[in-house]
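Chemist: Here are the chains, one letter per residue:
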Amino acid sequence: MLEVYGTQLASRLLLGTARYSSPAVLTEAIRAARAEVVTVSLRREAAGERAGQGFWSIIRGLGVRVLPNTAGCHTVKEAVTTAHMAREVFDTPWVKLEVIGEDDTLQPDVFGLTEAARILCAEGFEVFPYTTEDLVVAERLLAAGCRVLMPWGSPIGSGRGLNNLFGLTALRAHFPGVPLIVDAGIGVPSHAAQAMELGFDAVLINTAVAQATDPVAMAGAFAQAVEAGRAARLAGPIEARDFAEPSTPVIGQAFLA
Amino acid sequence: MRILVNGDWRETAGRELAATLEELGYGDRIVSTAVNGEFVAAEARARTALAEGDRIEVLAPMQGG
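One line per chain: the protein sequences are F and R, in this order. Note that my numbering has the first sequence beginning at 1, numbered continuously upward. Note that my numbering has the second sequence beginning at 1, numbered continuously upward.
Please note that a few of the clues may not be correct.
Which residues of chain R face chain F? A few of them, derived with a C-beta cut under 8 Å, are [stated by the list, open to error]: (1) Tyr26; (2) Ile30; (3) Ala42; (4) Val58; (5) Ala60; (6) Pro61; (7) Met62; (8) Gly65.
The following label-pair restraints were derived from C-beta to C-beta distances [stated by the list, open to error]: (9) Gly53/R to Gly124/F: 32 to 38 Å; (10) Asn36/R to Asn163/F: 38 to 44 Å; (11) Glu22/R to Arg44/F: 17 to 23 Å; (12) Asn36/R to Ala10/F: 42 to 48 Å; (13) Asn164/F to Ala13/R: 55 to 61 Å; (14) Ala217/F to Ala13/R: 49 to 55 Å; (15) Arg10/R to Asp103/F: 28 to 34 Å; (16) Ala13/R to Ser21/F: 38 to 44 Å.
In short, the hints are calculated from the structure, not lab data. Fair warning: this is a prediction, and the values are worked out from it, not measured in the lab. Glycine is no exception: its CB is placed at the ideal position from the N, C-alpha and C atoms.
If we strip away everything but chain F, and leave its shape as in the complex, we get:
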């Protein structure tokens, strides 16, 4: 079981709820992914609309745990205020903390992120910071009170997979006891399996499922990949080698030349 902030999770696949073609497809995708945690957000709603109320009613009906995000926030103040607003509406101390620093890559502003994390952790929030694979930033986030880190694989929605294998491997090795959840950039189930094989504790997927031709089938495929990758990690993968090594025994081989 994965434990985050004292909560045990059997599923290591966290799912985003955005960009699905319909609420019915979203619901079926969450079920197919066997996700226990889904990310949600807060947006303006006009008095005449009820989309947000309907969405929230669907999510509550599924019995999943919600992880509200601060998506779109570019400053510490925006992110902290959004976290307060989310805590009230969603009734959870969990927050996926995003402070965006650059619009083309949606790269986190790691300076603002650590500052916002410090403020929110001190206020009793349980912060899941969306960060890079930078080791120094990771240290600062842990010092700020974060007990989970969410390094990116590659830019949000890009589907490029794990861009910096060396950096992610180093992050895993440096913080063996910290739950690390790869968030953002995973495009296909093999990327998710790779993250799990590297020893990451979980992955968070949104676009790769929601924008697939068949999101429900893709959610199921990701669930299998995450389980396979985790099982492989526990089974102890072999080291890669530069040269071939015969798998069939050489001793006893006939001399037929």
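Use these hints to put chain R onto chain F, whose structure you have.
Modeler: Just chain R now, kept in the frame of chain F:
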């Protein structure tokens, strides 16, 4: 009184935030509110006075990644 609600100017009776939300049609909604960039908790809305030109954000649960 004119206030800015989710980016749109609205003419309201000028009462406290809780009454203003009722007036605007948010009465039964699950929303979170901020006034001039500061979070206002639900229990504080009834005692939060508004002034001409205030910026109100009314946010609801929404899909997110």
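Chemist: Please go over all the hints and tell whether each is borne out by the structure.
Modeler: Now the hints, each set against the structure:
1. Tyr26: holds, 5 Å
2. Ile30: This interface hint holds because 6 Å falls under the 8 Å limit.
3. Ala42: This interface hint holds because 6 Å falls under the 8 Å limit.
4. Val58: Because about 7 Å separates Val58/R from the closest Cβ in chain F, which is inside the 8 Å limit, the hint holds.
5. Ala60: holds, 3 Å
6. Pro61: holds, 4 Å
7. Met62: holds, 4 Å
8. Gly65: This interface hint holds because 3 Å falls under the 8 Å limit.
9. Gly53/R to Gly124/F: 32 to 38 Å: At 34 Å between Cβs, range holds.
10. Asn36/R to Asn163/F: 38 to 44 Å: holds, 40 Å
11. Glu22/R to Arg44/F: 17 to 23 Å: With a Cβ separation near 18 Å, Glu22/R and Arg44/F satisfy 17 to 23 Å, so the hint holds.
12. Asn36/R to Ala10/F: 42 to 48 Å: With Cβ atoms ~44 Å apart, the hint holds.
13. Asn164/F to Ala13/R: 55 to 61 Å: holds, 56 Å
14. Ala217/F to Ala13/R: 49 to 55 Å: Roughly 53 Å apart at Cβ, these two residues keep to the hinted range, so it holds.
15. Arg10/R to Asp103/F: 28 to 34 Å: Because 30 Å falls inside the window, the suggested range holds.
16. Ala13/R to Ser21/F: 38 to 44 Å: Given a distance of about 41 Å, which is inside 38 to 44 Å, the answer is holds.
Consistency with the previously given hints is maintained throughout, with no hint failing.
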